[in-house]
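S.K.: So the chains spell out like this:
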Amino acid sequence: MAKERAKMPVVNMTVDRLKKIVPRVKLDKALDILPFVALDIEGVENNVIRIEYNPNRPDFSSDYGIARALRGLLGIEIGLPKFRIAGKSGLEVKVDPAVKKIRPHIVALTARNRKLDDKTITQLIAMQEDLHNGIGRRRKKASIGIHNLDAMRFPISYTTAGGDYSFVPLGESREQSIYTILKESDIGKQYNHILSGLDRYPIIADNDRTVVSFPPIINGCATKIDGTCRNLFVEVTATDKKAAEDILAIIAITLYDAGFEIRTVTIDSDKKFETPHVKPSMISADIGYINSVLGLTLKPKQAVKCLKKSRLDARASGRKIICTIPRYRTDISHAIDIAEEVAIGYGIFNLQPTFPSAPTAGQKNLLSISFDAIRAALTGLGMLETLSFSLTSKEVQYGAFGISNKDMLSVDGSKSIEHEILRDSLVPSLLQSLSRNVHEEYPQRLFEIGKTFRKADMIAESWNIGGAVAHAEAGYTEIRSTIQALLKSCWGKDVSTSATTNAMFMEGRRAEIVVDGRKVGLIGEITPLALESFKLRVPVAAFEIDLSGIIKDK
Amino acid sequence: MNNVSTLHPIERSILRVLANNDAISIEILAKMTNLEVDQVRRGVEWLKFKKLISINESSNSRVFLSLEGSTTRISGLPERRLVNAVREGKNTIREILAWGAIRNEETNAAIAGAKRNQWIQFEEGKMIATALAENKSQEEVFLDKLDSNGIDITKLNDEEKKVFEQLKRRPNYLEVRVHNEYRISLTKVGEKLLPIHEKEGSQERRLTSELITSGRWKEVQFSALDIEAPAPTVYPGRRHPLVDIVEEVKEIFVGLGFSEIEGPILQSAFWNFDALFTPQDHPAREMQDTFYISGQRQAIPATVDQKRKVAQVHKKWSSNRWDAKEAERVVLRTHTTPVTLLHLASVKPDNGRFFSVGRVFRNEKMSYKHLAEFHQVEGVATMPRASLRDLMGLQIEFYAKMGIKKIKFWPTFFPYTEPSLQSMVYNEKLEKWVELFGMGIFRPEVTEPLGIKNPVLAWGGGLERIAMIRFGLDDIRELYGNRLTWLRSVPKCQL
Chain A
1 MAKERAKMPV VNMTVDRLKK IVPRVKLDKA LDILPFVALD IEGVENNVIR
51 IEYNPNRPDF SSDYGIARAL RGLLGIEIGL PKFRIAGKSG LEVKVDPAVK
101 KIRPHIVALT ARNRKLDDKT ITQLIAMQED LHNGIGRRRK KASIGIHNLD
151 AMRFPISYTT AGGDYSFVPL GESREQSIYT ILKESDIGKQ YNHILSGLDR
201 YPIIADNDRT VVSFPPIING CATKIDGTCR NLFVEVTATD KKAAEDILAI
251 IAITLYDAGF EIRTVTIDSD KKFETPHVKP SMISADIGYI NSVLGLTLKP
301 KQAVKCLKKS RLDARASGRK IICTIPRYRT DISHAIDIAE EVAIGYGIFN
351 LQPTFPSAPT AGQKNLLSIS FDAIRAALTG LGMLETLSFS LTSKEVQYGA
401 FGISNKDMLS VDGSKSIEHE ILRDSLVPSL LQSLSRNVHE EYPQRLFEIG
451 KTFRKADMIA ESWNIGGAVA HAEAGYTEIR STIQALLKSC WGKDVSTSAT
501 TNAMFMEGRR AEIVVDGRKV GLIGEITPLA LESFKLRVPV AAFEIDLSGI
551 IKDK
Chain B
1 MNNVSTLHPI ERSILRVLAN NDAISIEILA KMTNLEVDQV RRGVEWLKFK
51 KLISINESSN SRVFLSLEGS TTRISGLPER RLVNAVREGK NTIREILAWG
101 AIRNEETNAA IAGAKRNQWI QFEEGKMIAT ALAENKSQEE VFLDKLDSNG
151 IDITKLNDEE KKVFEQLKRR PNYLEVRVHN EYRISLTKVG EKLLPIHEKE
201 GSQERRLTSE LITSGRWKEV QFSALDIEAP APTVYPGRRH PLVDIVEEVK
251 EIFVGLGFSE IEGPILQSAF WNFDALFTPQ DHPAREMQDT FYISGQRQAI
301 PATVDQKRKV AQVHKKWSSN RWDAKEAERV VLRTHTTPVT LLHLASVKPD
351 NGRFFSVGRV FRNEKMSYKH LAEFHQVEGV ATMPRASLRD LMGLQIEFYA
401 KMGIKKIKFW PTFFPYTEPS LQSMVYNEKL EKWVELFGMG IFRPEVTEPL
451 GIKNPVLAWG GGLERIAMIR FGLDDIRELY GNRLTWLRSV PKCQL
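Line by line, the protein sequences are chains A and B.
Under this note's numbering, think of the first position of the first sequence as 1, with each following residue one higher.
Under this note's numbering, think of the first position of the second sequence as 1, with each following residue one higher.
Derived from the structure by calculation, the hints contain no laboratory data.
None of these values were measured; they are calculated from a predicted model.
Just to be clear, a hint being listed does not mean it is correct.
Covered, in the sense of this in silico footprint (three residues per stretch, anywhere, with C-beta under 8 angstroms from a C-beta of chain A), are these stretches of chain B [unchecked claim]:
id : stretch
1  : 155 to 166
2  : 238 to 248
3  : 285 to 295
4  : 341 to 353
Glycine is no exception: its CB is placed at the ideal position from the N, C-alpha and C atoms.
Can you build the whole structure from these sequences, using the hints too?
M.R.: Set out below in structure tokens:
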């Protein structure tokens with residue numbers, strides 16, 4: 001359950017803004033409380049707080065969203081956040097059926113009567129970016145266009161155009177064809193894979209045939225927003241209707257919080273409908289269930305209060321809690337989510353840990369216990385345990401020995417050439433370790449217990465033990481003594497060896513390890529070719545056994 | 001006053017060698033006297049105190065191969081890998097990248113290097129290898145020359161200096177360390193004491209088996225040994241320090257009533273993601289984050305009923321979209337949770353506690369704080385009415401046994417748990433709160449399709465971070481670097 005920290009989205013909030021959101025709360029206290037609404041402070045620098053939020057809360061993609069949650073938990077404002085749609089805008093988007101095969105869905109709204117200052121523009125652009133990457137799945141599933149409403153002539157149409165169709169894209173002064181934009185502009189190159197293989201492209205154009213947007217790539221220049229705008233038009237196009245609606249609901253509440261008047265837009269598709277849909281949903285949860293999940297004994301009234309602090313609305317009806325979920329809370333779908341909202345409203349810091357007594361005694365599994373015995377035997381023989389990666393390079397695994405292998409298991413798109421294939425033997429890893437220690441005192445005796453991987457009829461993995469000894473006198477006899485001692489000490493088995501041909505080892509000094517008539521591993525002196533590849537200057541002898549050949553019915 | 005008879009045998013040996021050899025190092029003295037380096041060091045100290053010898057101290061910077069440099073020397077510099085690929089018939093960068101010879105970010109260095117060495121030429125936008133590609137570049141020659149003793153930087157000739165500077169600009173290949181050297185000479189006073197003749201005695205140096213069994217030991221006298229001199233260093237065989245921590249964690253789990261489970265590293269995407277309610281278009285499932293095995297699919301190892309129910313859950317939330325083909329892909333598990341889940345789905349315990357410690361994989365570029373492959377610890381407890389407070393209690397107990405007392409919990413998010421928390425623990429050494437394990441209760445979307453009845457409390461996280469704190473490491477790669485200096489020297493006892 002480890003998180004991919006580097007990929008968490010971030011919102012920047014100034015200290016002043018935070019102070020305004022939670023007046024009369026000391027800055028330290030406000031910063032301390034942020035994590036308890038699931039927001040991590042990544043850093044504070046030059047009066048700007050970098051706040052990480054979890055991808056399940058896209059409504060946190062602007063500081064308005066953070067303000068809603070924070071004010072709730074601190075009790076400054078509770079219950080459903082104020083939100084109201086002023087009515088219909090009377091404006092219409094005509095949807096050409098031709099978009100159905102490309103990017104079928106569009107939803108839109110208008111936001112009026114507030115001057116768009118630079119701070120708000122910065123916020124909107126950051127929010128748009130996060131929504132594109134999150135719900136929008138890097139614009140593939142959904143993308144957003146924010147436009148200057150006053151520059152558009154309605155009704156507008158969502159239609160398609162050919163690749164040589166030209167318009168002036170945002171940030172340019174001259175017309176460019178769709179092909180040019182896709183092939184030559186930075187933004188086009190970044191996202192053209194979404195539209196690959198198409199001969200018609202999605203276009204939003206207004207009644208004067210001025211291009212408003214070429215989704216999901218770029219807006220038209222004509223409807224560009226700047227600090228003089230008072231009225232906005234926001235459209236979301238998508239391959240998935242729910243994603244489009246989720247995004248528009250979040251934008252609606254954000255623009256409302258920013259002081260705009262929100263009105264609906266008519267979408268004229270197979271049938272006519274108004275967007276955004278902002279009707280809250282209802283989910284009910286039994287108080288007994290909530291208490292059981294959290295380990296609390298809350299009364300229905302107390303749970304309702306907690307939910308209101310989480311900015312939901314709720315009422316109790318007997319033992320049932322009926323909860324109203326605003327449309328922008330796309331993360332709540334089940335009674336269990338209600339339980340979590342209660343926990344957050346209750347304050348995680350107020351939850352007292354309890355220790356449940358154990359039903360039975362615990363134990364390590366038998367494999368683990370065998371490994372302990374193997375380690376004890378090998379360390380007793382003076383060997384030092386190493387750990388190396390299962391993923392390795394072709395060069396280390398095969399090239400260094402002059403072996404070519406066609407049956408290797410490789411991974412797609414590794415970020416490093418050192419981790420491109422799964423190892424099928426531990427011996428190369430051991431040699432690599434020796435190679436890193438040529439300046440250390442000899443003798444060097446190393447072992448590793450690790451998984452190896454093979455492509456047979458199916459993919460197979462097995463636990464192996466490998467060992468290597470390196471020093472001026474190292475040779476077959478010493479390593480055979482070692483493997484004899486290991487098998488005798490761990491399993492009471494005698495070893496026999498028979499000639500083999502594995503190219504890691506020198507001819508005449510290599511053998512298969514045979515136990516109870518089964519071939520369980522290899523042993524021998526490493527070839528001088530390999531020693532040279534690994535820049536080793538002393539002889540090395542090594543063994544490797546596959547545990548599945550020895551431990552039956554693990 | 002000094003006179004020969006008061007000198008220790010070690011001192012006498014040293015003086016005898018110095019009579020014919022001026023300004024030699026301790027290591028050479030050790031060889032010539034047949035003494036251990038530590039004995040010589042001690043003798044040199046005594047002699048210096050007696051003003052019989054002088055020590056000339058000098059330091060020089062030496063260049064060594066770094067850990068990554070030693071790997072690179074085996075796999076080849078980017079330009080070498082590039083030109084090898086060109087010789088294999090890959091003529092464009094796109095092909096070479098696709099072939100995996102070089103990484104994206106190595107492209108510039110590879111082309112620049114190959115051009116500088118005149119290994120490649122461009123013809124009509126395609127690369128072809130020249131005859132010079134057979135030759136080793138100066139940089140390769142330089143890397144080959146570096147051995148365990150390193151090279152004194154001041155002794156590099158102009159040509160080598162240039163190559164050294166070039167290589168230094170390329171990150172990670174080289175390491176420069178300052179090397180102190182001591183050279184020992186006789187002083188005037190020391191010279192006056194010479195020559196030294198060893199007093200021949202009738203004393204026995206060794207108590208032999210023959211002396212014991214024949215009873216001759218009663219007649220002879222034994223020479224006194226230098227009982228203060230240190231003995232040669234020997235290195236015991238040891239467990240890997242990270243394995244120590246694994247074992248410690250296992251003991252704690254067992255003590256808390258948990259039983260160990262173990263399972264495959266190669267998993268179907270079905271158990272790694274789908275069964276854990278991770279949507280098929282979730283970013284974590286992309287190749288940039290997850291290692292998929294090239295060209296491998298496997299029939300989903302689940303019952304028809306399990307597959308149908310998991311598919312239903314996804315279809316409900318992803319506009320009716322769920323592709324069995326996507327679930328058949330083979331991944332290097334990104335967490336141990338699929339192992340846990342498979343166990344729960346097959347055993348269906350009403351009341352049970354399980355744990356696992358195993359390797360997990362993320363497609364990351366390795367750095368001082370990230371690995372592509374690391375250990376994950378995971379514990380689960382299932383019982384009737386298991387609660388979030390119980391989960392917190394188990395954490396507190398677990399951490400307390402690891403010596404961690406200051407803990408707090410923050411809400412967080414995982415696709416397959418709800419509620420979810422992350423634990424923050426106070427690190428006394430770093431004097432700050434650090435994030436450790438994530439935890440939560442498995443969502444009904446996870447448990448219901450598999451017929452798991454009671455709530456499942458789960459927690460887990462990376463083990464290497466705990467190891468770094470314990471061993472005071474600031475580079476996570478040290479744990480897998482297998483540097484013998486480190487492996488041989490980490491103290492094993494905590495008390």
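S.K.: None of the hints should be skipped; say for each whether it holds.
M.R.: We went through each hint and held it up to the structure:
Coverage of a stretch by a chain is defined here by at least three residues with a beta carbon nearer than 8 angstroms to that chain's beta carbons; for the stretch 155 to 166 of chain B and chain A the count is 0, and the condition is violated. A count of 6 residues in the stretch 238 to 248 of chain B with a Cβ less than 8 angstroms from any Cβ of chain A is obtained; the coverage claim is therefore met, three being the minimum. Closer than 8 angstroms: that is the beta-carbon criterion, and the stretch 285 to 295 of chain B has 7 residues meeting it against chain A, so the requirement of 3 holds. Counting residues of the stretch 341 to 353 of chain B whose beta carbon lies closer than 8 angstroms to any beta carbon of chain A gives 3, which reaches the threshold of three, so the coverage claim holds.
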